[in-house]
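Colleague: Can you make the complete structure from the sequences, with help from the hints?
The numbering of the sequence shown is numbering that gives the first Met the number 0, which starts it at 0 and goes up by one.
Since the hints were made in silico from the structure, they are not lab data.
Treat the hints loosely; a few may be bogus.
What the hints assert, rightly or not - Calculated pairs, DSS-like style, for lysine-lysine (alpha carbon to alpha carbon, straight line, at most 30 Å):
(1) K24 - K12
(2) K96 - K188
(3) K24 - K188
(4) K24 - K96
(5) K99 - K24
To be verified - Cβ pair distances, simulated, as ranges:
(6) R191 - D21: 35 to 43 Å
(7) I207 - A13: 21 to 29 Å
(8) H82 - R115: 50 to 58 Å
(9) K99 - E133: 33 to 41 Å
(10) R199 - E140: 13 to 21 Å
(11) A78 - E117: 16 to 24 Å
(12) P141 - A91: 26 to 34 Å
(13) E102 - A156: 51 to 59 Å
(14) H216 - E117: 47 to 55 Å
Backbone N, C-alpha and C define an ideal beta-carbon position, used for all residues, glycine too.
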Amino acid sequence: MASQPKRVTTTPKACRRVSLTDATKRRLWSESGGFCANPGCAVALFDDDADVDFAEMAHIIAASSGGPRDVDVSQLSGAQRAHHSNVVVLCANCHTKVDKAPETYPTQLLQQWKARHEETLRRVFGTPAFSTREEAREFIEPLLDENRSIFLRYGPAPGDFSESRASQWRRHVARSILPNNEMIARVLKVNRPLLGQQERHVANLFFIHMEEFSARHVLNEWGANSTRFPDGMNTIFEGEAE
Numbered sequence: 000m001a002s003q004p005k006r007v008t009t010t011p012k013a014c015r016r017v018s019l020t021d022a023t024k025r026r027l028w029s030e031s032g033g034f035c036a037n038p039g040c041a042v043a044l045f046d047d048d049a050d051v052d053f054a055e056m057a058h059i060i061a062a063s064s065g066g067p068r069d070v071d072v073s074q075l076s077g078a079q080r081a082h083h084s085n086v087v088v089l090c091a092n093c094h095t096k097v098d099k100a101p102e103t104y105p106t107q108l109l110q111q112w113k114a115r116h117e118e119t120l121r122r123v124f125g126t127p128a129f130s131t132r133e134e135a136r137e138f139i140e141p142l143l144d145e146n147r148s149i150f151l152r153y154g155p156a157p158g159d160f161s162e163s164r165a166s167q168w169r170r171h172v173a174r175s176i177l178p179n180n181e182m183i184a185r186v187l188k189v190n191r192p193l194l195g196q197q198e199r200h201v202a203n204l205f206f207i208h209m210e211e212f213s214a215r216h217v218l219n220e221w222g223a224n225s226t227r228f229p230d231g232m233n234t235i236f237e238g239e240a241e
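Modeller: Here is the structure:
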């Protein structure tokens, strides 16, 4: 009986860059809070005076073989390098600095920056669990009011196509509405037991609206028939649960 040829398995010698998914980009932007994760910088990633953001997605371990802070491909695959845990949001200056001097800014240091930045945001914006509907309403009402005021002042309006209004709208969306939406969503999820049956449906519609709204303004993905802000959000947690 003829012997079967031995199967030879090869291990790739180089790792190619894997693009970050849209979901990963949205998560990273949310986790950044709009500030550079370098604790010695912490600059705002959105200019007050111009419709420009300075956020860059910096890989902690190199995105591909041969890059800064690289490891052998056997230790980390391309997909793992593109995971949100291996990316930290920095300003353009800090991104350039850490990649030009990887010996000064090693993997462990960037991991510490990322963890410290996320912990700081959790302490500042920690999601409270409330014991009453009244407490929950008191917490989210100012966020809803701020979003409504921004929309009425700068949001899309029939007949007003000025670039000045559009620029102000984009700026306030990035600096206020998107973070407010994230906080409102977390409060709704943590305090779901306080919601009535119809309110839970409203909350689910809000989650869809928030996701589509973020996709438009963070990823520039504009689609037809987007989910509108549900009217029921204006009175959520008010009165008795039904």
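Colleague: Now look at each hint and say whether the structure bears it out.
Modeller: Status of the hints after comparison with the structure:
no.: 1; hint: K24 - K12; in the structure: holds (28 Å)
no.: 2; hint: K96 - K188; in the structure: violated (39 Å)
no.: 3; hint: K24 - K188; in the structure: holds (22 Å)
no.: 4; hint: K24 - K96; in the structure: holds (22 Å)
no.: 5; hint: K99 - K24; in the structure: holds (23 Å)
no.: 6; hint: R191 - D21: 35 to 43 Å; in the structure: violated (26 Å)
no.: 7; hint: I207 - A13: 21 to 29 Å; in the structure: violated (41 Å)
no.: 8; hint: H82 - R115: 50 to 58 Å; in the structure: violated (19 Å)
no.: 9; hint: K99 - E133: 33 to 41 Å; in the structure: violated (54 Å)
no.: 10; hint: R199 - E140: 13 to 21 Å; in the structure: holds (19 Å)
no.: 11; hint: A78 - E117: 16 to 24 Å; in the structure: holds (22 Å)
no.: 12; hint: P141 - A91: 26 to 34 Å; in the structure: holds (33 Å)
no.: 13; hint: E102 - A156: 51 to 59 Å; in the structure: holds (53 Å)
no.: 14; hint: H216 - E117: 47 to 55 Å; in the structure: violated (22 Å)
Hint check: violations occur at hints 2, 6, 7, 8, 9, 14; the rest are consistent with the structure.
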